[in-house]
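Engineer: These are the residues of each chain, in order.
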Amino acid sequence: MLKRLFALMLARLDGWADRLYGWKWNPLYQSGAIVVLCLAVMLVTGIYLLFFYRIGAPHESIVRIDAQPWGGRWIRSLHRYAADLAVAAAVVHALRMFLQGRSWGPRALAWVSGVFLLFLLYVCGWTGYVMVWDVQGQLLATEGARLLDALPIFSEPVSRTFAGAEPLPSAFFFMNLFLHIAIPVGLVIFLWLHVSRVARPVLLPPRSLLWTTVGLLTVAALLLPAPVAQAANLLRISADVPLDLFYAFWLPWLRDTSAPAAWLAGTLLVAVLAAVPILARPRKDRRPAPSVVSTRLCTACHQCETDCPYDAIRVVERTDRRAGKVAWVNPAHCVSCGICAGSCAPMGVGPPGRTGRDQLARVRDFVGGDAYRAGAIVVVACGRSGGAGRGGSNTRRASPDSDRAGEGPARFPVSCAGNLHTSVVEYLVRAGARGVLVAACPPRDCWGREGPKWLVERLYHEREAELKARVDRRRVQVAHASAFDTRSVDRALREFAAELARLESPAGEDAIRIDTDCEVPEGAGEDDAGAGPRGPSGVVSRLLPGALFRRWPAGTGRTKARGE
Amino acid sequence: MNAANWLKRAGAAALAAGAMVVIVFLSWVPWRGPEGDRSELRVSWRIPAPSLRHCRPPTEAELEGVPGHMRPSEICNEETVAFHLTLLIGGDTLRAGPTRLTGRRARTLAVYERFPIPAGSHALEVSFVPASSPGLDAASPQMDSVRALGTTMSTRVVAAPGHVVLVTRGDSGRLVVSSTGPGR
Ligand code: HEM
Ligand code: SF4
Ligand code: SF4
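Chains as they are written, first to last, in the working numbering: chain A, 1 to 564; chain B, 1 to 184.
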């Protein structure tokens, strides 16, 4: 309930940010990539700072860096602000993943490694501030030592190092510097693990957003450089301390908390975060099932393997009576995004109930039903886009403008535009729809990662399973809009309607026959939908089951398929 | 570009700049801990772990089966002696009890404790002596060297606000007070 509320708030925020920045540059969609960008900025600026940092006189060396007429001060500030932005962006990114339900099942590895990434980022920040050895660094060091002393690890209290009786040994600062450099190596390893289950991870934001972010950080560092706080003094109580709230917001709380209680709270927090994949997953009967390959229809064309955003498909040797290969879905990696359903020309793969064949059956019912009028524009409304009504989900009116009975567009709701098989679009155009507007979510916010990207390529750029050349592209359009952005959909609809008005009226066909142009193995009579390789090989051209086209007698209005 | 678009662009730029300013300000938030006006008494030292060594000749049963060249002339065990630390400030007890024995492997006993104290001038009494425990052979000649590790002190300290009064152990084994701040 609370999660739904927050998810709605997030979608609303996305909508506002979209209006200001446009979906291409909405930074909220790029939060994970912005963290990577910040890490890169920290690496470059960190290398510069390393040249001037002295473990024998840490604070003095920072003061000297700060006094450099060129560079030093703003490079130090840039390093710091990039580190701050990294934490903020990582929290936004984690929150998005949680609220969008992308935290369980095959994504559990990404989630848990994400928790570790955040933890490492904090430890790295901790060591970074200790390096400065100002009053905040002192507080972090002494509180850290207090926490360590609560563990039965060390033979002497670590805190005694900070008693103030003797100056701190350089070995301490050397160790700290070593950790500050070694932890980012761990970060890179965890980042690799973090994105290991996704195909083609997007590690950096689009170039314009990248340079704007770096530019803004640089301007902030130039105009508002971070001051150097007072040097640490172990014989003084760290009372007046400037805190970096991104990294040290918990310090005031920690000072008043006993070490065992702090350990308990920290462990509980990490445990709850790490357990999110178990706590947040839906009930067993509500979990979407992984994709299934019809070994009868699969021609081993490799397209679904290429398109799957989670690398969950492999084309393997058949183990049935046929020779050759067949696609195989790894259920442990499949998140049931359904993108493969749109990839497969012979409609041989997809989550149960969402394959191309299922989609064709639905669109046939839609065209035969009351919601559809020949000559109307059909909005194929992705459930997570503004085409599905305010807040998405296809449960509300599409928009005040577009849903007026009788005169507005007809709305064909789909769960994800990235699943859409181009045959559905062809079917609608050939059934006499004036035009088809696919309302999809913004590409960088697709919950299935690459849905809108592949959709556009299939509709306009000949990507398999492409929209056939016989379909008039002028009657097909895509609009990207987030769940609360019904305005963009309305605007796209108005502009589309104006463009269509300049074209002749479409002529509906009496009977529509959609061909798939892939070669399908022999043995088409054996109906199977199993994911495993089965059955003998052989290739014959095959049409889709006639049962899907009951309303129209087959044969009329049929256009030539490739190779015919 | 129309006015609405300009307005949108200005809003977008202002929001991005505002977000950066928020980051800058959250990066440097002055915080004053509650102890700002108070002082702290800190005691910190370490001594070799005080222990008594008890040795006896091995019994016949213990030597049975042990090859001649491996027979020990005596069997010893070590008894660690706990130390009692008492701290009184202005006559009030800050702490009185045994110290936690750490570093037995490294054969050290480390003391490290911190206490908030009001700022001002105080009478400070410190006692760090072997704790008597049942079974401890107080008459053992080794007890003299153990007792020598103990120390006591009674002095006046000036604790400046925000500063630390540090009690350590000098090379000679005597307790040393050092503190900073005005009034010193
Ligand atoms: C701290 C540094 C982090 C970095 C640099 C980072 C970066 C990324 C990147 C680049 C992706 C791939 C995005 C894509 O191409 O679709 C990703 C995915 C993901 N991240 Fe993070 N992330 C971080 C922290 C976190 C945290 C703290 C969490 C949650 C606790 C998290 C959860 C996820 C999940 C679940 C995915 C997979 C999304 C999906 O499969 O649909 N990440 N992250
Ligand atoms: S035919 Fe379909 S299921 Fe088989 S490999 Fe090609 S896209 Fe995948
Ligand atoms: S539904 Fe298809 S595209 Fe999506 S993860 Fe599963 S196999 Fe890959």
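These are calculated hints, taken from the structure and not from any lab test. One or more of the hints may lead you astray.
As the list claims (entries may be wrong) - Simulated coverage check for chain A against chain B, where a stretch passes if three residues somewhere in it have a Cβ under 8 Å from a Cβ of chain B: (1) 13–21; (2) 208–219; (3) 271–279; (4) 304–314; (5) 467–481.
Every residue gets a Cβ at the ideal spot worked out from N, C-alpha and C, and that includes glycine.
Engineer: Against this structure, judge whether each hint is valid.
Structural biologist: Each hint tested on the structure:
1. 13–21: holds (count 3)
2. 208–219: holds (count 4)
3. 271–279: Check failed, 0 qualifying residues.
4. 304–314: The restraint on the stretch 304–314 of chain A is violated, since only 0 of its residues have a Cβ under 8 Å from chain B and three are required.
5. 467–481: violated (count 0)
When held up to the earlier numbered hints, the structure conflicts with 3, 4, 5 and fits the remainder.
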